[in-house]
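Protein chains in written order, with full-length UniProt numbering: chain P, 1 to 416; chain R, 1 to 416.
I should point out that these hints are in silico values taken from the structure, not numbers from a laboratory.
Fair warning: this is a prediction, and the values are worked out from it, not measured in the lab.
Any given hint might turn out to be false.
[Unchecked claim] Taking lysine to aspartate or glutamate and the EDC-like style, the derived pairs with C-alpha atoms no more than 16 Å apart in a straight line are:
1. P:155 x R:64
2. R:330 x R:259
3. P:169 x P:145
4. R:155 x P:191
5. P:352 x P:381
6. P:363 x P:348
Here's the letter readout for the chains.
Protein chains: 2
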Amino acid sequence: MLLDAAREAAAEAVGCRADELVFTSSGTRAVHSGIAGTLAGRRRVGRHLIVSAVEHSSVLHSADAHEAEGGTVTQVAVDRAGAVAVASYADALRPDTALACLQSANHEVGTEQPVAAVAEVCREAGVPLLVDAAQSLGWGPVGGDWSLLTASAHKWGGPSGVGLLVVRKGVRFAAQGPVDERESGRAAGFENIPAIVAAAASLRAVRAEAAQEAVRLRELTDRIRARVPRLVPDVEVVGDPVRRLPGVVTFSCLYVDGEALLHEMDRAGFSVSSGSSCTSSTLTPSHVLKAMGVLSEGNVRVSLPAGTPAEDVERFLDVLPGAVAAVREKLGAPTPSTAVEEEALVVDALGKRCPVPVIELAKVIGEVPVGGTVRVLSDDEAARLDIPAWCAMREQEYVGEEPAERGSAYVVRRLS
Amino acid sequence: MLLDAAREAAAEAVGCRADELVFTSSGTRAVHSGIAGTLAGRRRVGRHLIVSAVEHSSVLHSADAHEAEGGTVTQVAVDRAGAVAVASYADALRPDTALACLQSANHEVGTEQPVAAVAEVCREAGVPLLVDAAQSLGWGPVGGDWSLLTASAHKWGGPSGVGLLVVRKGVRFAAQGPVDERESGRAAGFENIPAIVAAAASLRAVRAEAAQEAVRLRELTDRIRARVPRLVPDVEVVGDPVRRLPGVVTFSCLYVDGEALLHEMDRAGFSVSSGSSCTSSTLTPSHVLKAMGVLSEGNVRVSLPAGTPAEDVERFLDVLPGAVAAVREKLGAPTPSTAVEEEALVVDALGKRCPVPVIELAKVIGEVPVGGTVRVLSDDEAARLDIPAWCAMREQEYVGEEPAERGSAYVVRRLS
Chain P
1 MLLDAAREAA AEAVGCRADE LVFTSSGTRA VHSGIAGTLA GRRRVGRHLI
51 VSAVEHSSVL HSADAHEAEG GTVTQVAVDR AGAVAVASYA DALRPDTALA
101 CLQSANHEVG TEQPVAAVAE VCREAGVPLL VDAAQSLGWG PVGGDWSLLT
151 ASAHKWGGPS GVGLLVVRKG VRFAAQGPVD ERESGRAAGF ENIPAIVAAA
201 ASLRAVRAEA AQEAVRLREL TDRIRARVPR LVPDVEVVGD PVRRLPGVVT
251 FSCLYVDGEA LLHEMDRAGF SVSSGSSCTS STLTPSHVLK AMGVLSEGNV
301 RVSLPAGTPA EDVERFLDVL PGAVAAVREK LGAPTPSTAV EEEALVVDAL
351 GKRCPVPVIE LAKVIGEVPV GGTVRVLSDD EAARLDIPAW CAMREQEYVG
401 EEPAERGSAY VVRRLS
Chain R
1 MLLDAAREAA AEAVGCRADE LVFTSSGTRA VHSGIAGTLA GRRRVGRHLI
51 VSAVEHSSVL HSADAHEAEG GTVTQVAVDR AGAVAVASYA DALRPDTALA
101 CLQSANHEVG TEQPVAAVAE VCREAGVPLL VDAAQSLGWG PVGGDWSLLT
151 ASAHKWGGPS GVGLLVVRKG VRFAAQGPVD ERESGRAAGF ENIPAIVAAA
201 ASLRAVRAEA AQEAVRLREL TDRIRARVPR LVPDVEVVGD PVRRLPGVVT
251 FSCLYVDGEA LLHEMDRAGF SVSSGSSCTS STLTPSHVLK AMGVLSEGNV
301 RVSLPAGTPA EDVERFLDVL PGAVAAVREK LGAPTPSTAV EEEALVVDAL
351 GKRCPVPVIE LAKVIGEVPV GGTVRVLSDD EAARLDIPAW CAMREQEYVG
401 EEPAERGSAY VVRRLS
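Produce the complete structure using the sequences and hints provided.
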């Protein structure tokens with residue numbers, strides 16, 4: 001009875017029938033099961049899968065697994081704000097498309113996707129759309145005529161260990177893995193009733209205040225979006241300024257190591273995240289920032305939980321400039337007062353990690369005559385993204401990349 | 001740090017290295033992942049899987065999935081007490097055996113399996129043994145040189161939503177499904193830290209009192225095992241009387257509908273279970289009781305949680321005889337005072353569900369001359385098990401089953 005009541009409550013919040021919704025052990029499991037079940041159920045149609053380039057890793061890893069098993073995947077690009085174009089999904093649809101996936105909003109930069117419009121073009125083509133609503137379900141139901149939806153309770157402030165998988169009636173779905181009779185055969189394992197009840201109750205509670213809290217948090221993140229570029233030199237705020245989640249704001253700082261900045265902010269009492277290329281655990285750049293073509297170095301994601309007081313945001317804005325300056329100083333980043341002596345037109349940044357290659361580039365660009373070029377030698381993957389991004393920010397010309405004895409040479413022409 | 005500490009504590013309780021243990025979202029998930037990962041990792045050796053006939057459904061369903069994908073499965077039979085013979089596992093091992101699975105103790109009847117000896121024959125053959133330790137891990141570590149182990153926290157009194165999967169170093173293991181970096185790539189999804197911490201703490205707490213509590217509960221279940229057959233006529237206590245879990249006792253009552261008896265006991269304040277053929281949710285007989293060849297009708301499983309007071313057991317024994325008698329009366333079961341008038345040698349029990357066919361048989365057997373036969377017509381699956389079982393209990397001869405116009409005719413010869 002508790003499970004039934006929780007299912008009714010969650011279904012009401014999603015806007016679906018109770019018998020279309022099952023509880024999984026996590027959002028990741030909901031995504032894995034939703035994608036695998038739909039691909040298997042629609043195997044006769046074909047084995048083509050569409051995802052956006054900025055989906056959560058659970059979606060992208062499912063796509064990788066599908067490719068490894070012989071399926072085909074189209075990755076839809078995003079614009080500089082992180083959003084897909086509806087036309088790109090329309091173009092990607094094929095007669096053998098089994099499933100399309102699109103997040104409701106991005107988990108790193110907060111940009112909202114045009115889910116309803118994409119759902120419409122998918123519906124016209126007879127292709128189900130799976131919406132990963134992990135980022136947005138606490139704020140409201142996902143509009144449009146989607147076919148599958150996934151979410152995660154801890155993302156709306158509920159407990160860990162509960163995800164949602166909604167499969168609309170009419171979607172051909174064949175659950176994969178060993179048979180398990182629980183949750184309509186779609187989520188194996190003993191049902192975690194206490195956590196499920198808490199998840200449904202918390203979703204209802206969060207939703208009751210969502211409209212009001214969204215306005216308040218949006219004002220606070222607007223404050224951060226507007227003031228960070230004025231307080232900190234050489235910062236790029238990323239993500240769509242309007243169509244975005246209320247409580248998330250992301251920016252990247254030139255000449256900064258994201259991980260070092262997180263530590264500085266942590267010491268000041270702020271837990272921020274980084275989707276940067278320079279985290280210690282993975283040295284590959286954030287796939288989201290890469291797909292958007294924005295600066296990935298010194299990346300900071302600020303997530304404001306519901307109830308965050310305005311004073312905390314003010315204190316954050318007080319602390320941030322000093323923290324960035326401290327990291328830049330440690331790295332020897334260029335400042336207006338630094339006199340650059342070096343005259344060489346080749347910068348050897350081999351063996352140096354992001355953001356050092358860009359810092360070295362910035363140090364010498366002033367020494368090159370306008371129209372002249374600098375070659376930056378680097379074997380760091382992130383340089384491939386960050387040197388062009390630096391050129392765009394500094395209005396210098398990025399000429400291109402050339403193979404070098406070790407790593408690559410990135411050629412930059414001084415324009416001003 | 002919390003996760004590391006929980007892993008250390010759980011590994012100590014299991015008797016393995018911390019880096020061999022991952023937390024899954026349930027015992028079922030641990031079994032599914034453990035079996036699939038080992039079968040994939042050892043695919044070059046072959047695709048033969050060994051399981052016992054009385055494993056948990058998560059193991060048997062994994063075996064079904066393996067067969068559906070072209071693998072082969074040997075199901076090892078059990079004796080009337082529910083235990084496998086070590087020699088049967090030795091006989092089942094083949095050059096292409098990728099994995100063998102054996103529970104530490106049975107979940108329906110409590111019988112302990114000879115895990116250490118089976119692990120030894122598997123080790124000699126170079127085949128990993130996966131032990132489903134869900135029933136026993138709270139009582140102590142699993143002895144012997146097993147290769148993989150699974151368990152479930154809620155079974156030892158911990159929270160829902162946490163399972164364990166242990167893969168010993170040296171086992172070839174290839175995690176299946178989309179890549180997920182968490183838990184060594186063996187358990188996808190956001191880690192449920194609060195539940196994992198509670199699981200490890202509760203395992204430690206339960207173990208601290210396990211030895212003492214096992215003695216106490218064993219005395220209480222011995223009391224039930226000894227007294228139920230004296231208090232209730234026509235009862236068979238099942239499972240090994242000695243090599244068994246401390247807190248579980250299972251018996252079957254002739255002429256009783258298990259579900260009806262559960263309701264009677266529930267009304268008296270006792271939550272007991274039934275692995276009977278006659279549950280409302282699934283009309284197939286318990287695969288465990290079937291494999292043991294014991295009576296499946298009127299089956300009751302009593303699980304005593306740690307701390308169960310002796311008075312509760314006494315009250316249970318007070319209430320049970322009346323509850324069984326009430327169910328039997330409703331079903332019109334034979335009693336010594338019932339005069340059976342019917343003379344026909346054919347009993348038509350078509351369309352009637354367990355335990356009615358056996359009740360009808362019992363009603364007429366007294367009217368048949370010794371050496372004569374009765375044909376019971378039945379289309380209930382459970383009759384196939386319960387009529388032979390009744391014959392064994394009543395010392396009548398079960399002649400065999402013959403096809404009939406509808407269902408089957410079960411032929412019984414009166415011997416006394």
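Hints versus structure:
1. P:155 x R:64: Status violated; Cα separation ~36 Å.
2. R:330 x R:259: Holds. Residue 330 of chain R to residue 259 of chain R sits at ~13 Å (cutoff 16 Å).
3. P:169 x P:145: Distance of about 12 Å is within 16 Å: holds.
4. R:155 x P:191: Cα-Cα ~13 Å, so holds.
5. P:352 x P:381: holds (11 Å)
6. P:363 x P:348: Status holds; Cα separation ~12 Å.
Consistency note: the structure conflicts with earlier hint 1 alone.
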